[in-house]
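Peer 1: What follows is each chain in one-letter form.
2 protein chains.
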Amino acid sequence: MSQRRVIKNGEIELDHIGIAVPQIATSSAFWKALGWTNTSADESYPAELVADQKVQVAMLETNNRARVELLEPTDDASTVKKFMDKRGPGIHHLCFRVKNIVEVLKTLKAAGVKLINESPVPGAHDMMVAFVHPSSTGGVLVELSEPKQSVSK
Amino acid sequence: MSQRRVIKNGEIELDHIGIAVPQIATSSAFWKALGWTNTSADESYPAELVADQKVQVAMLETNNRARVELLEPTDDASTVKKFMDKRGPGIHHLCFRVKNIVEVLKTLKAAGVKLINESPVPGAHDMMVAFVHPSSTGGVLVELSEPKQSVSK
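Going down the list, the protein sequences come from chains A and B.
The working numbering applies: residue 1 is where the first sequence begins, and numbers increase by one.
The working numbering applies: residue 1 is where the second sequence begins, and numbers increase by one.
Certain hints may be false.
Put simply, identical chains are the same to the list, so a pair is met inside one copy or across any two.
Below, computed lysine-lysine pairings styled on DSS-like, alpha-carbon distance capped at 30 Å [said to hold, decoys possible]:
no. : residue 1 : residue 2
1   : Lys109    : Lys32
2   : Lys148    : Lys114
3   : Lys99     : Lys109
4   : Lys114    : Lys32
What the hints contain is simulated information worked out from the structure, not anything from laboratory work.
In isolation and in its complexed conformation, chain A is listed as follows (with noise of 0.2 Å):
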């Protein structure tokens, strides 16, 4: 993983743009033809399976950072799979890190925000992640994300 700057309370930043796909392996033809580079160690095998999703996951990178996530279910039962299933393949959700998650979904709740997670679940890449439900961001699926480490207990 590249390193990404450590943000301060308040802040926000995009941390990736997730795509589903049906398959990885030919789905990143066009991004890697169009400049993005796979931010993988290992190039002979770029996918991280997220077994609690049941997704594997590619991590693409541009020059200033921004990430694209390929998501390729693994099995019928995932929520990709029905996302697919019901839309055709393309833009999942977005991702943003924020400085203590916890407080950031306290303080959607409390503006009436509609939460598909109201506190932190274990995400992929050791990040601790929260869903907003997209009926309150205009349409958008959206994932707010912190650090295992640096979430408050």
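Position chain B relative to chain A; hints supplied.
Peer 2: Showing chain B alone in chain A's frame:
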């Protein structure tokens, strides 16, 4: 507009994420609550009309300069209106900045990528732009852009 760094040949950067919304005024509330700020110099009129595309656009920015462009149709004939009629509000496109857009389009065409615009056309924010068809990108409408003054004739 905020200052964006000049990019070199072969580089690619995420410029913004375009989100189709019914109304900029109501839809920007969630993004602002999360810490995004409007990049417009004129807070009393934060949207720009793009007459050709029959939309108003407002650009919101995070700390690491990721940008969200909210797109509000001004007319039923807008392609953004048609997109929302079919899929509801949500992410409409990803825009990447490239150097030498004319050459990039030639390279993509030679690679068999389906282009909506084979030559760049005028876009918002004094950019020349071209769209890549979602069928070639894994379901994502991709916009490529380059500042007008740097596009080769």
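Peer 1: Each of the hints needs a verdict: does it hold here or not?
Peer 2: Against the structure, the hints:
1. Lys109 / Lys32: between (39 Å within a copy, 15 Å between copies)
2. Lys148 / Lys114: within (23 Å within a copy, 41 Å between copies)
3. Lys99 / Lys109: within (16 Å within a copy, 43 Å between copies)
4. Lys114 / Lys32: Between copies only: 16 Å across, 36 Å inside.
No hint from the list above goes unmet by this structure.
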